[in-house]
Amino acid sequence: MLRGRLPFSISAAAALTFACGASVTAVLFAAISQLEYDKMSLSLQQRAGARVAAIEQGLDDAVEVLTTTNQLFAAIVPVTREQFHDFTTPLLQRHPFIQAFNFHRFVPHAQRAEFEAGLRRIVPDYAMTEMRNGAVVPAAAHASYLMVDYLEPLEGNRPAFGLNVRPDGLLAGALEQAIISGQTTATGLLALAQGPQRGFVILRPVYRHGMPLQTIQQRRAALIGDTAAVIRGSELVQKILAGADLLSDPQLEISVYADAGADPRHIIFRHGKATTDQPASAWESLPRWLQFAYHNGYDSAFAAAGRPWHVRVVAHPRPFLADHLGSLFTLLTGLLFSVLTTAFVQTLTQRSRRVQLLVEQRTADLKRSNELLSADVRARQRTERALQESEKRFRRLLALSSDWYWEQDAHFCFTHITSGFTDKSNMPLERFIGMTRWDNNPEMRNSRWGKQHIANLEAHLPFFNLEYAMNDRDGQLRWFSINGEPLFNELGEFRGYRGTGSEITERKLAEQQIQHIAHHDVLTGLPNRALLRDRLAQAMALSRRKNRALWVLLIDLDRFKFVNDSLGHKAGDLLLKTIAARLQASLRESDTVARLSGDEFVTILCEQADETLSSAIVQRVMDAVAQPVMLDGKEFFVTCSIGVAVYDMPGDVTLNGETQNLIEQADIAMYCAKKQGRNNIKFYTPAMNQATLERLRIETALRNALEREQFVLHYQPQLDLASGRIVGLEALLRWQHPDLGMVAPQRFIALAEDTGLIVPIGAWVMRQACTQMQAWHAAGLGRLRLAVNLSARQFNEPNLVASIADVLAETGLAPACLELELTESLFMHDVALAVSQLHDMKALGVQLSIDDFGTGYSSFAYLRTFPIDVLKIDRSFVNDVASDADDAAIVVSIIALAHNLKLRVVAEGVETAEQLDYLRRHGCDEAQGFYFSHPLPAHEVEALLRAEEAAVAP
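Start counting the sequence shown at 194; every next residue gets the next number (the working numbering).
If you're looking for bench data, these hints aren't it; they were derived computationally from the structure. Glycine included, every Cβ here is placed at the ideal spot set by N, Cα and C. It is possible that some hints are incorrect.
Distance condition first, Cα-Cα at most 20 Å in a straight line; then the derived SDA-like pairs of lysine to any residue [stated by the list, open to error]:
| no. | residue 1 | residue 2 |
| --- | --- | --- |
| 1 | 868 | 811 |
| 2 | 754 | 731 |
| 3 | 466 | 676 |
| 4 | 739 | 801 |
| 5 | 432 | 655 |
| 6 | 466 | 701 |
| 7 | 644 | 656 |
| 8 | 867 | 801 |
| 9 | 1095 | 811 |
| 10 | 875 | 817 |
| 11 | 701 | 789 |
| 12 | 1095 | 1141 |
| 13 | 617 | 692 |
| 14 | 770 | 801 |
| 15 | 1095 | 1136 |
| 16 | 466 | 497 |
| 17 | 770 | 789 |
| 18 | 232 | 509 |
| 19 | 1095 | 989 |
| 20 | 644 | 676 |
| 21 | 1035 | 1076 |
| 22 | 868 | 889 |
| 23 | 644 | 655 |
| 24 | 770 | 701 |
| 25 | 770 | 749 |
| 26 | 232 | 533 |
Derived CB-CB ranges, DEER-like [said to hold, decoys possible]:
| no. | residue 1 | residue 2 | range |
| --- | --- | --- | --- |
| 27 | 583 | 221 | 25 to 35 Å |
| 28 | 465 | 518 | 36 to 46 Å |
| 29 | 550 | 519 | 42 to 52 Å |
| 30 | 660 | 260 | 53 to 63 Å |
| 31 | 825 | 616 | 36 to 46 Å |
| 32 | 740 | 616 | 19 to 29 Å |
| 33 | 823 | 660 | 42 to 52 Å |
| 34 | 431 | 519 | 32 to 42 Å |
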């Protein structure tokens, strides 16, 4: 170190050097600072633009999700609640920001009660509600309602289910905008019925299928409701920005408004707001490049879902140093450079030698520092290697740690086992010390897994998770899992094994229990469907191999639903377990009894060498089921229907597989047994399958027949026996199929009843027949009466009377010219309801007749109670009226009874002159049948009527 000190004085050269350096530094500092602020502004615009674009794209995605849901209603007519649930559930899982999917349906006030009754089947205590002043209240009476009909998910959204949203001006305005624009539209912020959180609704109109939608008026006329997605605005924006990783910037404050401007009343999302508001400082009056507390903002507006949105991004103030390293570095470097240059010049002018000495001294100091640094690096490297070795040993011990530790010598005999083994295994250590593992478990020497384990040990390989079982000192079976690794000395010589072990008996028992549950029915303990297929496949293979018969029985309990409905599911479960036990007791141990589903059981009967299969075995099963059962202190008699499929032909392979085919055949035979009155046995025949396929074919074609206009109406004249003139026509349905030809009514009417298609078909018949009859009236062909049949399904429709009134009003047909034909069976299920329904129809002015009188539940009581006008004698009595005294007596009695009750009598199926003469002689009023005319299409009926008019004209 230098000992002397030179006198201090600044030369002109040093001062000039410092002044030039400081000036250049100031200019560079100002320019670079300006560039840094420009860069900050550009960065803010880019980051803000990315967030605005993400939000706009997210809103468009939400609109697309709703549009996809709306297309469900255009593709499927009508959409059921189950289809709406299945369709929206995956969308809700993919888009958690959606509070709920709704289907709003327009409901006129006249249908309010019916609508509420329908929703009570889903929510028993339901009553129509609406939002008023931010609260959910009972709905007032309106001309029409816009109801939340479908709602998914219902959980968490229960207050909105069945809510009348029509009074909400925001939603109604958005729906009107959507109708006008034809696009998906969003509402503004509004209170949600689900809770205090606010949100907005994206909706899209749903129009009636097949209606024109070109103009606004047409769209309003076709509107039946809308599909809507209730959006939690804050969660929507949160998911959009978080999904794009745009919320991680702590320097940005993001605010989203559901309006064109930044109105705080319409804010839906805010993130990154500063905790305290800093007051304006004097720095803000300085140029931007000198403002140490500089901050900036970015505003952007865009349109999505039919409404404006506003996004504001504000950059929080940052420490000056964070964004101005370059300018500060330039400033400090420039000043330092100026000072050093000045010092350098000053030093040169005073003592150049001193600089040289100082450099030599600094060089020596730097060398010593480098030596110390090198020593420190070597020490750190040694420490890191020691840490790595320690970590490696720790990880190895951690991997091997378990319930106990063991060691073996080079001959694989145990030398050490920790005490944890005795505690876990209930076996003494003396049984294993000095012996190999296979000495205590001889099975290892003969089993495949044991031989493989011994081979691995002899190859000095590590092993993991070796599982085996042994009996403890109490004779109980215990399972163990073993891990081990070989040991070698410094010379690489094998010294033995060490490892860990665990007792896994509980886990193994749990696995066996799970395996049993997976293949057995939980309630009855019988094999389930999966195990049934496996056993049936084995039984079929044995049948083919030994050429022995194999029967599959499908057993279905009769009236099991009655037990569940009357006594509850607990009694139903007890009945199923009782029947399962009886089925097992009635068959051999080699036979399989399985529970297929519900109240259906399947048994597999294999023919044995000493016993052939016979119907007596099946009857024994049926007798066992039919024994009385005590349920809830009451004695019940339960019967069953059994379908039997016989497999006795090797190679009988079907398209869907042998096992499935046999079960399906037994199922078809079982349903045939049920159709024949239950408590019956039926063996499968190919004709049953043909009947099933025929029914399926007819049903498939029937579902499209009405839409494709394949139905036609024929009319059979009804003649007044006194005058001989046509006084009425009965409308009869015919189906003209392009492939099946003219399908007879007996082939499809019953099927239409079963499937419920008879309701729309019957409505079409009513409207078409009334229209045609009114046309004949307008053409001057006489004031004829029209007879139309009503089915049981139609009669039970709640809006039947209203629909008949609508048809009469639309067609202009006088109610007195319409005669509704009803069968006796319609009245037997609920007589009180039938009386009310008949009186409501009678109030319209129509006439009512009993069709096929005498063949059903004939009762004098309902003839007195019901407002009947006509009795129609069934053709089965008319056929032999001229030759059979019993039928003749019945016909005369019906005519006398009807006349005494002031009812008109019409005889059906008149085909001979003798029948006609008998009916006329005994006072029958009217008749119809082939003797007068077959059922004719409308144009032939018109020709017949015109010919009659011409014949009676003067």
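Violations among the numbered hints: 2, 3, 5, 6, 8, 9, 11, 12, 14, 15, 16, 19, 21, 24, 26, 27, 28, 29, 31 and 32
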